[in-house]
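Kindly generate the complete structure, drawing on both the sequences and the hints.
Spelled out from the first residue to the last, the chains are:
Protein chains: 2
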Amino acid sequence: MIGRLNHVAIAVPDLDAAIATYRDVLGAKVSKPVAQPAHGVTVVFIELPNTKIELLHPLGEKSPIQGFLDKNATGGIHHVCYEVEDILAARDKLKAEGMRVLGDGEPKIGAHDKPVLFLHPKDFNGTLVELEQA
Amino acid sequence: MIGRLNHVAIAVPDLDAAIATYRDVLGAKVSKPVAQPAHGVTVVFIELPNTKIELLHPLGEKSPIQGFLDKNATGGIHHVCYEVEDILAARDKLKAEGMRVLGDGEPKIGAHDKPVLFLHPKDFNGTLVELEQA
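The listed protein sequences derive, respectively, from chains A and B. Take 0 as the starting number for the first sequence in numbering that gives the first Met the number 0 and just add one per residue. Take 0 as the starting number for the second sequence in numbering that gives the first Met the number 0 and just add one per residue.
Source of the hints: derived by calculation from the structure; they are not laboratory data. Cβ coordinates follow ideal geometry from the N, Cα and C atoms, glycine included.
If you want a taste of the chain B side facing chain A, the calculated C-beta under 7 Å gives, among others:
1. M0
2. I1
3. G2
4. R3
5. L4
6. I9
7. V11
8. L25
9. A27
10. P48
11. T50
12. N71
13. G74
14. E96
15. T126
In structure tokens, the structure reads:
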């Protein structure tokens with residue numbers, strides 16, 4: 000069912016410092032910051048040859064990653080995102096297996112303008128999993 | 000400097016349960032467990048089209064991931080591994096930039112029989128980073 004690893008998301012408390020680390024120290028190709036007010040984050044894409052790292056920084060007062068940064072002051076890996084061919088079929092299979100889909104269970108339009116869902120980390124070895132329609 | 004994302008490593012407290020989740024629930028291609036006594040872990044490779052997930056389970060009494068599992072009982076994302084063309088040049092550049100290389104700073108032979116180094120998570124937004132010679 001799952002296909003490519005679309006990205007690994009890393010929450011960062013200081014976006015400029017994180018950009019400098021990935022661009023200047025690790026020598027990676029780094030995008031300009033992209034504000035995504037609908038998602039409560041500013042995102043920077045680190046483009047690797049085979050996948051992406053996404054740096055996430057809180058935007059606005061109700062950012063979904065603020066709680067994570069409150070618990071992890073230096074930042075940390077927030078989630079992994081796998082691509083699926085058919086997100087509704089994937090969701091229904093997962094629910095039938097007893098896996099918990101976060102929110103109301105309906106796909107939302109994600110940071111890449113494609114439908115996404117998040118799965119409960121306790122059902123996946125402490126890993127927050129995002130599924131994105133390929 | 001950094002190239003492909005070689006893998007994302009996820010520490011798991013129950014290897015059989017994690018295998019079942021990735022193979023049967025997420026429908027991924029999952030290897031048999033590989034004991035790596037020199038590294039204190041048993042590893043299962045989840046083969047995605049563009050990269051790998053590595054499930055890590057403690058092996059022996061001094062496993063380097065036991066402390067992580069003591070703090071994260073359900074498991075969690077342990078590290079990301081980036082490939083580099085020349086691990087000694089990468090190490091020297093990182094040290095010159097003030098980044099901390101773990102251990103004695105000399106590359107060790109890693110789980111894929113290639114030289115690897117680990118970098119201090121506090122220098123990389125709370126993310127434990129492994130570098131592997133490509």
